[in-house]
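Residue numbers (this note's numbering), protein chains in the order written: chain A, 1 to 374; chain B, 1 to 150.
If you are wondering where the hints come from, they were derived from the structure by calculation, not from laboratory data.
None of these values were measured; they are calculated from a predicted model.
Beta carbons are placed, not taken as given, at the ideal position from N, Cα and C, and that holds for glycine.
The reader is advised that the hints may include incorrect statements.
[Stated by the list, open to error] With the C-beta cut set under 7 Å, the calculated list includes, among others, these residues of chain A facing chain B:
no., residue
1, M30
2, R39
3, G41
4, A44
5, F332
[Claimed, not checked] Below 20 Å or equal to it, Euclidean Cα-Cα: the simulated SDA-like pairs (lysine to any residue) are:
no., chain 1, residue 1, chain 2, residue 2
6, B, K138, A, R37
7, B, K138, A, P46
8, A, K158, A, P320
[Unchecked claim] Per label pair, the in silico range of CB-to-CB distance:
no., chain 1, residue 1, chain 2, residue 2, range
9, A, P208, B, A136, 53 to 61 Å
10, A, W363, B, T3, 55 to 63 Å
11, A, E358, B, E145, 28 to 36 Å
12, A, R19, B, L28, 45 to 53 Å
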Amino acid sequence: MTTTTTPRRLLPLVEPEDRRESPDWVRISMASALALRMRSGRFARPFEFGGINLLLNYASGCRSDCSYCGLARTRPGTYEDKSFIRVEWPLVRTDELVGRMARYEDRLTRLCISMVTHGRAFPDTVEITERIRARVSTPLSILVAPPTLDRNRLEIFKAAGVDMIGIGLDAVTEDLFRHHRTDVPSGGGLSWEQYWEVVDAARDVFGPWKVNCHTLVGLGETDEDMIDLFCRLAERQIFSYLFSFNPEPDSRLGDRPKAPLHRWRRIQLARHLIEDEGFGRDRFRFDDDGNLVAILGPVDDDVVERAVASGIPFMTNGCPGPSGEPGCTRPFGSYRPSEPVRDYPWPPTPDDLRRIREEMRLWEVYPPAVERRR
Amino acid sequence: MATVTVEGFPVRTEFSYDLTHHMWVEELGGERVRVGMDALGLETSGTLAHLMMVEVGTEVARGEPFGSLEAEKYVGPLVAPLSGTVLAVNADAVASPSLVQSDPYGAGWMVELSASDLEGERSGLVSGDEIVTRFAQKVTEYRLEGVLAE
Numbered sequence: 001m002t003t004t005t006t007p008r009r010l011l012p013l014v015e016p017e018d019r020r021e022s023p024d025w026v027r028i029s030m031a032s033a034l035a036l037r038m039r040s041g042r043f044a045r046p047f048e049f050g051g052i053n054l055l056l057n058y059a060s061g062c063r064s065d066c067s068y069c070g071l072a073r074t075r076p077g078t079y080e081d082k083s084f085i086r087v088e089w090p091l092v093r094t095d096e097l098v099g100r101m102a103r104y105e106d107r108l109t110r111l112c113i114s115m116v117t118h119g120r121a122f123p124d125t126v127e128i129t130e131r132i133r134a135r136v137s138t139p140l141s142i143l144v145a146p147p148t149l150d151r152n153r154l155e156i157f158k159a160a161g162v163d164m165i166g167i168g169l170d171a172v173t174e175d176l177f178r179h180h181r182t183d184v185p186s187g188g189g190l191s192w193e194q195y196w197e198v199v200d201a202a203r204d205v206f207g208p209w210k211v212n213c214h215t216l217v218g219l220g221e222t223d224e225d226m227i228d229l230f231c232r233l234a235e236r237q238i239f240s241y242l243f244s245f246n247p248e249p250d251s252r253l254g255d256r257p258k259a260p261l262h263r264w265r266r267i268q269l270a271r272h273l274i275e276d277e278g279f280g281r282d283r284f285r286f287d288d289d290g291n292l293v294a295i296l297g298p299v300d301d302d303v304v305e306r307a308v309a310s311g312i313p314f315m316t317n318g319c320p321g322p323s324g325e326p327g328c329t330r331p332f333g334s335y336r337p338s339e340p341v342r343d344y345p346w347p348p349t350p351d352d353l354r355r356i357r358e359e360m361r362l363w364e365v366y367p368p369a370v371e372r373r374r
Numbered sequence: 001m002a003t004v005t006v007e008g009f010p011v012r013t014e015f016s017y018d019l020t021h022h023m024w025v026e027e028l029g030g031e032r033v034r035v036g037m038d039a040l041g042l043e044t045s046g047t048l049a050h051l052m053m054v055e056v057g058t059e060v061a062r063g064e065p066f067g068s069l070e071a072e073k074y075v076g077p078l079v080a081p082l083s084g085t086v087l088a089v090n091a092d093a094v095a096s097p098s099l100v101q102s103d104p105y106g107a108g109w110m111v112e113l114s115a116s117d118l119e120g121e122r123s124g125l126v127s128g129d130e131i132v133t134r135f136a137q138k139v140t141e142y143r144l145e146g147v148l149a150e
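Next comes chain B alone, as it looks inside the complex:
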């Protein structure tokens, strides 16, 4: 397990990322993957107040919402980084959204999926050496946008 800090934000380098929607993917073996939101996506949303997620058994398509996140002044979709069927929903995170912010890459995971096209869709995610560079670019973008505290 490798966590590095990029511009003040923790990043797990063994995960893959959809950095447009700030979702991470951990491959658990076979087609099973775990999905959550990265620390930068959470920071720019504000303090989480509510999480809603689809039910187990729901089929989701890559790029489509599997739930929504609501903060004090923001509401937005949780976007699936891969297509698949929802195998599990983290009920603890739904009950206590603060868990997602305190441990985004661990206990704050959101759903587990059986990915329907892992081989085909994996290439759309950012992984390996590219993670740190791309993550740093997003931090710069958000600083310019004014959504990060100074």
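Chain A on its own, in the form it takes in the complex:
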């Protein structure tokens, strides 16, 4: 006699990957996972790190399809397998993460939730903010997804305990934005106007120096485009946070090279001079192609040299910690550990500064004092 037995149906012991969605699950940067001891590992150079970055997670992924992004809809691979900023972002339970934050709160400097363009992103971000705020008082930023927001929703973020808002503009001109983020193969494009509406609303709701725009160097912009935007944002007391384009393998820009180091360093310096030293557009000269060809510092006060010597222009731009110190430092975020450091998550050492000066070739755009006085 042959008998057939129906296999006993067992409940899954582990929640399937596609059910591990926000708000109960989030991704965290690998650096955050190391800092909270959720993963083993170390940094290439030991330093105090406390900037924790969270990313919403949905099985259906981000609705956007930006040309340079690891999470883009048309980038090959399932959303679960996609890297973001080239490395794995571990998926963790939100409540376990908040517990870790509470345990290590004394060493945390800044928390940031990155939204993605998704229909549930707003309520889930509020929910995660509330769970964090119930147990942890470290300053909290949100890198927002403008298509999911309006002024009222920004006010809800503020009421929930968020103190800074970031807008990932990335492309610094309307044409570039359209090319990389609006006219895209899938998912519907993003709107330059809508991004700026959210910048304006965030500035109104959160106040001066509480809003930042992410700007990505290496998408095809000129130095002049970049510096123009830095000046416009600084006039409105909005921070520019600099990022170096780092090609994400298999993305539409996977083969595009990074910005040359000398250009990247000069843009870092220019941003600092504009934001921290009050330089205006008239302090910079450009050639017909928009390349920076001269920085015009005051003859009797070498503010440019002082800025370089401080090392501060070359450190990561990010939201501050509780005492105003760099809070979000994104170590090895836009370069491999074996590559030259693009933005320093620690104060540059004398050796770092010597390397920075060589990389920047500042003398090409800012001659020594003797020559400037001639």
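Since the structure of chain A is already known, use the hints to place chain B on it.
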């Protein structure tokens, strides 16, 4: 072949170790030795992304790098536990660094050397009964340092 687990990490007790740099040595007969990285060294490096190693025929000195290891947030040297000439490089490991993490004492070996002073340098390695104790001490150190997941 004896593998024991020390504080959650596998250790091959018939190998010798440079526990400062987390390299193991397997004596293959004569002067020939095989070298790899132990499981604790790999764990504290993070997820491996790239391995680079010197070419066959290169002479290496004990304590000097024969290559480098790069993980997501870390890059560091692979330090020779013995002096000698490189006889073979594990091309599979270079092509797929994950192999080193999945099988560190087997298929994830790194190089084979003709040791130039095996008798003289062997005493600088940890072996025998000392392995488990010293390995456990390193785990404790790393827990205090905060480079091991909890």
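20 Å Cα cutoff - pair K158/A, P320/A: Holds, because 17 Å separates the two Cα atoms, which is no more than 20 Å.
Satisfaction of hint between R37/A and K138/B, Cα-Cα up to 20 Å: holds, 17 Å
Minimum beta-carbon distance criterion (7 Å), A44/A to chain B: Holds - the Cβ of A44/A comes within 7 Å of chain B, reaching about 5 Å at its closest.
Restraint check for K138/B with P46/A, where alpha carbons must lie at most 20 Å apart: Given that 20 Å is the threshold and the Cα spacing comes to 18 Å, the pair holds.
R39/A as an interface hint toward chain B, with CB separation required under 7 Å: Since chain B brings a Cβ to about 5 Å from R39/A, closer than 7 Å, the hint holds.
Residue hint G41/A, partner chain B, criterion CB-CB below 7 Å: At about 3 Å, which falls below the 7 Å cut-off, the nearest Cβ of chain B leaves the hint on G41/A intact, so it holds.
R19/A paired with L28/B, Cβ distance criterion 45 to 53 Å: At roughly 49 Å between Cβ atoms, L28/B and R19/A fall inside 45 to 53 Å, so the hint holds.
Hint status (Cβ of F332/A to nearest Cβ of chain B, threshold 7 Å): Where the cut-off is 7 Å and the nearest Cβ of chain B is about 5 Å from F332/A, the hint holds.
55 to 63 Å as the expected CB spacing between T3/B and W363/A, which holds or is violated: At roughly 59 Å between Cβ atoms, T3/B and W363/A fall inside 55 to 63 Å, so the hint holds.
Distance restraint hint 28 to 36 Å, applied to the beta-carbon atoms of E358/A and E145/B: holds, 33 Å
Hint check for A136/B and P208/A - Cβ pair distance inside 53 to 61 Å: Given range 53 to 61 Å: holds, Cβ gap about 55 Å.
Given hint M30/A near chain B, where the shortest CB pair must fall under 7 Å: Result: holds, 5 Å to nearest chain B Cβ.
In summary, the structure agrees with every hint in the numbered list given earlier.
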